[in-house]
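Line by line, the protein sequences give chains A and B. All residue numbers for the first sequence refer to my numbering, where the first residue is 1 and numbers rise by one. All residue numbers for the second sequence refer to my numbering, where the first residue is 1 and numbers rise by one.
Since the hints were derived computationally from the structure, they do not count as laboratory data. No incorrect hints appear here.
Quick partial rundown of chain A residues pointing at chain B, CB under 10 angstroms, derived from the structure:
| hint | residue |
| --- | --- |
| 1 | 39 |
| 2 | 40 |
| 3 | 47 |
| 4 | 59 |
| 5 | 62 |
| 6 | 102 |
| 7 | 128 |
If you're wondering where the values come from, they're calculated on a predicted model, not measured in any experiment. Backbone N, C-alpha and C define an ideal beta-carbon position, used for all residues, glycine too.
Number of protein chains: 2
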Amino acid sequence: MAAHGAPPRRVALGSGAEFDLIRRLLAGEGELPAEVLVGPGDDATVLEGGWVLSTDLSVEDVHFRRDWITDVEIGHRAAAAALSDLAAMAARPVGVLVSLAIPPEGGADAQAVHAGILEVARDVGAVVLGGDLSRSPGPLVVDVVVVGRVGEAALRAGAAAGDEVWVTGTLGASAAAVRLWASGRQPGPELRRAFAHPVPRIREAQDLVERGVVRALVDLSDGLAGDAGHLAAASGVKVVLEAARIPVAEAARSTLGDAALEAALHGGEDYELCFAAPAGGVKGDELSIPLTRVGRVEAGAGVWLKQKDDEARPLTRGGYSHVQGDVS
Amino acid sequence: MAAHGAPPRRVALGSGAEFDLIRRLLAGEGELPAEVLVGPGDDATVLEGGWVLSTDLSVEDVHFRRDWITDVEIGHRAAAAALSDLAAMAARPVGVLVSLAIPPEGGADAQAVHAGILEVARDVGAVVLGGDLSRSPGPLVVDVVVVGRVGEAALRAGAAAGDEVWVTGTLGASAAAVRLWASGRQPGPELRRAFAHPVPRIREAQDLVERGVVRALVDLSDGLAGDAGHLAAASGVKVVLEAARIPVAEAARSTLGDAALEAALHGGEDYELCFAAPAGGVKGDELSIPLTRVGRVEAGAGVWLKQKDDEARPLTRGGYSHVQGDVS
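Pulled out of the complex, with its shape left as it was, chain A reads as follows (with noise of 0.2 angstroms):
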């Protein structure tokens, strides 16, 4: 349930490379104190007063290239995946804290990557509350924490069996711009809009919880399968996803074709809602963007996928443990 008296201190994460080398650094942390309410391993940190925190890390020919984007999609880009942690906790924008490293002369253009912040900040209602700002020997390196406020966060935990698994919007876009760049092909508009353009979904968030429907909450910003694989070891359950159901973006199929539900499933930077949903509870025109049942929750563990033979497989490393002690 998204409304918790005694939340999870400490929270699981799903399997990937990242998340070992995050669990290996979280390994041997001691206790949290009474005020931080929620810890490392949501989408945010909650602490007393409702404030909840996250940081979000851009960097130039990682998470984007300069020919691909101008210097205000970056910084539009760099704040809404940033956002969309508090969309994940369903928390309301208060401000930004906004980090960044600057190329020499030549690079990225500072007062262009702000003004694109600002301007998705401003859209959620968040001014900016402070920062630093380097130089850089190299890439253009922003990073971007987010400060919001809550009653009660969604959490990632709190999925139980029998529970239908939601999406909004539509999937795969981001992704396959960033293919056809790769491959030294141009996107078309609304493909190259869904990477320079996402849209945090803090309203969305913020109606679906009020209406009473969440059970857990994360947002997509590394693929269906890998943010759906915090949401089950969180949980403690096993996530069935079905592949004909999952609302691949039509441009992304036109383009990608059989590739398309890969790039949904593992493309990630969608920074679309998944959630987990009493059945029966959301009848999908509670907003104004598509809302898509994709599965359903099981007993169990990891992240599951059926297609067309209707037998479900592993997308995930199910049988792993995620509990704190195992940490490596």
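We have chain A; now place chain B onto it with these hints.
Relative to the frame of chain A, chain B by itself:
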């Protein structure tokens, strides 16, 4: 004064190219929400409930070089620099969020950097609350977000004409180490330690504020001239430093000679405290580290330096108007 019923919401910054850019980036920003008690321009942001936030960026080949210090020391230094911003508010550390961009093989060891961060965090009672990880195509980048808590924050504003200006510890050793490395020499152990293992003055700041002697407080990250300039700008006063009183580190003086004063004034990264106190309010033996009166507060603007001839000359652009409306 440290205690403010209605603290300044946005804080005027002192002079310097970085601050000119920050002023431009913050230009045009709207009103801060009421739940934000101190906004951009002080050492940290203060939120309702006494939560204090700041972020500090450390970039390879800008802030450090990997042939100067170890990966553990890189983490140590980055965390100490960030935590020093909590000292500057007299806040109690609660946690850190750590964003790392890690170069490919042969670059820094993420776990060693993280171990250095943890070492300093634990020393001051802070835990890891979250973070982000990325590859880097070039430099190691460490962004440390610090989260603290305070009853009433010590601010940069509050100094009044007639106050004394004090600093903790000794100055210039870290900058002296950098100057030696940059000229191909090896700093001795004391200078090296000042650069690699700065100690954020968390306890000392709280002690001084509890004694009721702190009217305005800043930490020394950019050199005494620059940081006293922030205090002067935020307080709307002039700071007059006396060269002969500045506690230049002996190891810096014995290595750099007369240039050591320059390192103390403009070198930066000492992470000591500088504060304004009512005349006669501080004896100098309050802490277990040196406390030195370095000057006085007068009506006016900017930072001025008195040398042997007893005539004060401007160290910063004292006549510059730092009010928000003046931002170009």
